[in-house]
Each structure stands twice: as C-alpha cells, then as structure tokens.
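Chains as they are written, first to last, in my numbering: chain A, 23 to 406; chain B, -6 to 279; chain C, 2 to 79.
Note that these hints are calculated values from the structure, not bench results. Yeah, the Cβ is synthetic: ideal placement off N, Cα and C, and Gly gets one too. Be aware that one or more of the hints could be misleading.
[Stated by the list, open to error] Listed next, the in silico DSBU-like pairs over lysine-lysine satisfying Cα-Cα at most 30 Å (straight line):
no., chain 1, residue 1, chain 2, residue 2
1, A, K249, B, K184
2, A, K249, B, K239
3, A, K249, B, K264
4, A, K276, C, K39
5, B, K189, A, K249
[Said to hold, decoys possible] Partial list, derived from the structure: chain C residues whose beta carbon lies under 10 Å from chain B:
no., residue
6, E28
7, V47
8, C62
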Amino acid sequence: MDEKRVCTGRYFMMGNVACAEGAMAAGCEFAAGYPITPATEVANHLAEKLPQVGGAFFQMEDEISSIAAVIGASWAGKKAMTVTSGPGISLMLENIGFAIGVETPCVIVNVQRGAPSTGMPTIGIQGDMVQAKHGSHGDYEIIALCPSSPQEMFEHTVIAFNYAEKYRTPVFLLSDAFVGHMREEVVIPEADKIKTIYRKIPELGTDPLKLKGFLDENVAPMPIFGKGFKAHVTSSCHDEYGKRNLIDISALDKFVRKLSDKILKHKEEITLVERDYEGAEVVLVSYGGVSRAAAEAVLQARKKGIAAGTLRLITVWPFPGEEIEKMARKAKHVIVLENNLGQIYPYIKAEAAHFSEVSFLPPKLVGEIQDPEDILKKIEEISK
Amino acid sequence: MSELVHPYHRFIRPTVTHSSFCPGCGDGTIAQSILRAIDGLDMDMDDFVFVSGIGCAAWIPSPLFNADVLHTTHGRPIAFAFGIKMGLTEKKVMVVSGDGDLVAIGGNHLIQNARRNIEMVVICSNNGIYGMTGGQAAPTTPMGVKTTTTPYGTFENVFEDISGLVIAAGASFVARWTTGHPRQLTASIKKAIQKKGFAFIEVISQCPVQFGRKMGVGNAVQMLEDYKNRSISIQEAKKLSKEELKGRIVVGELVDLDKPEMVEEVTRMRKKAMGGAEAAVDTGRS
Amino acid sequence: MATLRIYNELCKGAEECGICLYVCKEEVFQPSETMNQKGYRPPVIVNEDQCTQCENCMIFCPDLAIVVSEKKQKKGSQ
Ligand SMILES: Cc1ncc(C[n+]2csc(CCOP(=O)(O)OP(=O)(O)O)c2C)c(N)n1
Ligand code: SF4
Ligand code: SF4
Ligand SMILES: [Mg+2]
C-alpha cells in the first residue's frame, strides 16, 4: 500500500481515529456521511486525510444519500465507505439492500449508541447487531466485524475493506461509543506489512454481451463503470448478466440464493474468532467491548481454580454457528454476554443448547458493560 | 439498395427488443430526444453513465440504453449519481427519472445537488402522476382531480413550478419543455450535457394510461394537443401577469449561467490539502 | 431507397398511440387492420411521395419505430 496512506508508528489514539487511519491504510478513496455522535471523529479525520491522497470525504444531506453516494463511487471503481450511528443506519437500510442486491463493495461503520430512537448519543451499546443482518428487506447474508479496542478499530477496518472488495459486498464494522471513543495504544505497522485487496474486474475489452458480472457464488468480476462494459446494474431481480427478470419465479429464487451462497460458501475463510477455552467448563461468549470484561473475569476465575474460558466472536455475521457448536460440545456451561438485552443470544443458544447449559448475563444497566466482578460471581454460581 | 436503418437503434442495448412503455407514452419521446442529443454532439454511449430511480420514467435508460446504467432505488438516483460523478469526473453523468421520484420522495437530493452545482444532467419526466404504481396522486397532480388515492379529488395544492425550485436552489442550467417540443428538448439536452454545472430539464410528458384517460384529458394525441395549446415561451410569458399565466406551461431555457462547479472546487480543495500534507500527518489527536 | 420505414414490430399501434398520424401534416400514414406479433396495429404508409422529410413522425415516435431517410443535409436533425 501507498506509504503516504499509512502513518506507521506507535500512538495513543482514539478508536474512531484509528478507524479512519485503517481506512486510509486499506486504500479508501471516497467517504460520505452525515454528522452524528459518536461516529463524527471518523468523518472528521477522513475529511482531513483523504484529500491529501487524492480522495475526499463528502458531507451529504442525509444518511440515505451518504450510502447512495458510496455505492455510486464504488461502481465508479473507488474503494468507498460511510460512517454513522444507529439512526443513520436506520435511514440507510433500503440502499444497503441495494448494495447487497447489485453486489457493491463498501464499508459501513456503525459506532453504536444508546437506542432506540435518538436514545443516548454518547453511550455505547450493542443495540444494532441484528439490524445489521436483518434490517433491510428480504433474505441476505452480511459480513460484520466487532472491534474491541482502538487497535482493532484500525485492523478491522482494513479487514472490512478487504472482505468488501473480495466478496463484492457491504461489510459492517459494528463498533460502539465505548470502543470508538476509547483511547489506547495503537500500533500501525509499515505499509508493506498491511495486506490490501482490490476487487476483480472483467478483462478490458470483454464483449458486454458475454459478460457475466453478477450472481456467482465464487464472486463475479465487477463490471465497474467507465470501462466500456456497458453494465446494466439494476435493483430489480436480475440474472448473471444483469438482465432484469420480473416474471420468472425461478429467477427470483436464483437471485436470492446466489447472493447468500456467495457469503455462506466462504464462511470459513471469513469467520474470525478468538478461542481461549481449552479445558474450560464454563465458557463466556461475547464480542466487541464486552469481551474485555469477559477476559478479565476469566482471568480472575482461573486464579480461583475455576476451569473457565472465552470465545470471542470477531465476525458476528455470517453467524459462526460451527464455532459455537465446536465450543459447546466441550463446555458444560455457556454464558453469553452482550451490552444489550440479548440480541445474538438466541442465535448462540440455538447452536449450543443441545450440548451445554446456556444462559445470558445482561449488563446491570444497559449501556454499561458488565462488571468483571459480576461476571465472576455468575461463573462461581454456575460452577458450584 | 440497402434498407433504411433507424439512426438511434445503435444506441439501444442489443438484448432489448422493445421499450417498456405503454403505447403513446411520452417517456419514449424523451428517450429518443436524449439519444438524438448524444448523436448530435457526436458523442459515444461510453462517454456516459446513466442513473435512474424507480418509476416508469426510470426505465428510459434502463435497460434501453446501451451504456453503463445504474437503476437505483426510489427517489435516490441523484445521490447515487453524486458518487459516480466524483469517482468518474471525466464521464458525463445523466439522471433520468420521474416527478414522483425526483421531486416527491427524492426532493432534497434534487435541491442539495442543485445547490452544490455538481456537473450532471438531470432529466425529469413530469407526467403529473405516479404512473408505475397505478395512477396515485403526485405532488404534481392538479388540485381537485380524482386519482386512485384521492377518490374524492386531490385536496393538496399542486407543485406548480419544479423548475423554479431548482433555479432557486442554485442550478446553473434549467429548462422546461413538453413532449410536444422534442426538437427544442434535444437542443436543451445538448446544452445541458455541455454545461459545467447542475443542468436540470423538466419535461412535461403524457401518461395516457394513468393520467390522460382517467382524468378526461384524453389519449396521447389529445394530451399532446393540450400541451401545444397551453405552452407559452418564457419570452412571451414574461409579458403576462400571473393571472394570465394560470394553466399555461411556460417552456424554454429558464436559466443558463456560470458559477462555481463542485467537481472543480473539490479538485481545488485537494490541491490545497496536498500542499499542506506534510504538516497534517500527525494523527495522535482526535 | 425508400423515404420512410416503419418497424412494424416496434410500433404500439395507431389506435393506442397514433402520434405519427397526428404530427404528420401531409397525411402520409393511415391506420391499418394488420396486427403485429404483439397485437398492435401499426399504421401503413399511404402517401410516401407527399413526405417532405420533416422527420416529425420519426422524432415524436415513442418507440423508435419510424425512420425517415435523410435530406441532403447532415444526419439527424438539429
Ligand atoms: C421506497 C419506495 N416506495 C415506494 C415505491 C413504489 N413506487 C414505485 S414507482 C413509484 C412512483 C413513481 O412515480 P414517478 O417517479 O412520478 O414515475 P412515473 O411512474 O410516473 O414515471 C412508487 C411510489 C418504491 N419502489 N420504493
Ligand atoms: S403508466 Fe403512464 S407513464 Fe407509465 S409507461 Fe404507461 S403511459 Fe407511460
Ligand atoms: S408513433 Fe410510432 S409507435 Fe406510435 S403509431 Fe406511429 S409508428 Fe406506431
Ligand atoms: Mg410521474
């Protein structure tokens, strides 16, 4: 990657700034958004840095146009992203479905905040987890990463761009106010140590009539605009040539399945988890900032001689059911921790309940990550 | 002797066998007017990216035109076009959509991008109705008329002057024609394509199926006759009072001016940023 | 070469559309009973010698179904 884009070094950096630096390092060229707490710092930083490498951040009239412009830029061949919080995602959902339907690489950063509605802007919760997967209409698969530290805000943003480009799909970075506003050490490696991926495009000069630019489980090359591909890109049901079909149900079936299969077929290589449950009887399953409390509680438990462990989901979508099952087969008790009222819990329970006891430990106060002391108490209770 | 060949069939996507419009729909005339402008400027379809929203008018370029076409979501084509233009500054970006799409659900994108004066052509087929969904009242539907969602007659004031809105927002080129003026329309589209700035063309267009027949204006031919009778040039209109202009369609090139254009301003901003790149590398702060 | 050509399969019918009949000042076209494959009845050319090559029918036709041969001037019209 371009050295000008990567500010190699060791920093004390805010998570949101690290996210923007990750986007720079990943090769982001276009960003659009609308101001919102607690995501604004990402936009501010991109507005400063992107023009220096020939890109730009654009403040749009709303979040609907932000994601639309990002999708447009992506079809123009640019690596593109938007950043917002829950209210903005709610506005974006129709066009996120469009991005999925026409297979548009882009990164959507959601720095989650107290919700529903306007909620509490500076408080981080994990309230939009299922929205990311099911918010737009219709069946689809999505990729979502959950950073737990400023360092991961940097790293996961790079991964998000790589996944988006590789699988031609929107990728969510599901952070929250807690991680986004956290300041910690961030180490940015040298440019040549950062792996970046760029989407495949068809060979220049390919006959547009022969060009299969859509609906391939192995990811069709993207007939980006301006190259003479004469791409017909439509939000309507279409075939692998992009040709609209509004009458044949089997075309719809193919449209729905191929889009999902494209992600599911590559689930193993997409899935990222952190396993630390060797020999554990009680396993804490969590993601994002909550994982920090889980790790601390397990450390305490082990000191007390309890066989406890953790499974951290780095990618929450596509849902890593196999990883849950693998863990549950070994554990006696599974405790799910989230900073919400239990959004991913039902998914985990569905995979784990055949093999172990599964319970949910909500935060005492929604918006406040579980206290490691309380988690420890729960572990002790269960393992009695 | 070789057979006569239509000069614009070469612009049509080879997989398309016929247009998607009802018989006599004005959208087909708009489509041809666009193609004639492109031909007249000796341009190629590959010089363009077409963007449309949802509605009958959105089918003008999609899939008809043999070019890069992004057929987006209802109301949002201008917002998508913004990103395309910023990514492909050397291409001509043309949005073609309906009045409901561009002015009702998508009104703010129209206003804000006219204000930005970003170089793009926006062609609005204004048929005064939601054609595709079956003849519901649009903001452009005349007051009092019965539609499928206003069985007792529309009780909202009509949006009389879309072009006026776009002028007020700051577009550098605005014209209004009807489908009864295809030659003038083509001439304005040519100017719009060449304009460094936001160029908006409102085309009053007949929807004989959902508007004409249901509201008693008649079929396509009768609607064209009605447009002919009601149209008045902007030059003539300036001599008349508001009262005298009631019910008339003011046609012509309403605005053509030069002002800062956004893509150029962004390029300027980048130069500034690159000049100061050294000093701004510090990232340890928020 | 002929002055006019109607692409019968593109036409959506003189009865339903009929715009060419309306815009032609020379009454070159007439409705006809013959149906195309889509079930529309395209008009027929009855007065080809009357055609002044004004191109009105071609330019107004919503379905790119009529072509008029070029006058001596440059292709297309303005
Ligand atoms: C978000 C959303 N709401 C509603 C619709 C349904 N819809 C499709 S076309 C249309 C109206 C189109 O009207 P207009 O833009 O005037 O186009 P016309 O068909 O008249 O050319 C509506 C409401 C939709 N596709 N998406
Ligand atoms: S419904 Fe109206 S606007 Fe739509 S294609 Fe038919 S005539 Fe045209
Ligand atoms: S204008 Fe075109 S579509 Fe209409 S009747 Fe004439 S040839 Fe047919
Ligand atoms: Mg309409």
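Numbered hints the structure breaks, given as an ascending list: The structure conflicts with hints 2, 6 and 7, although it agrees with all the remaining ones.
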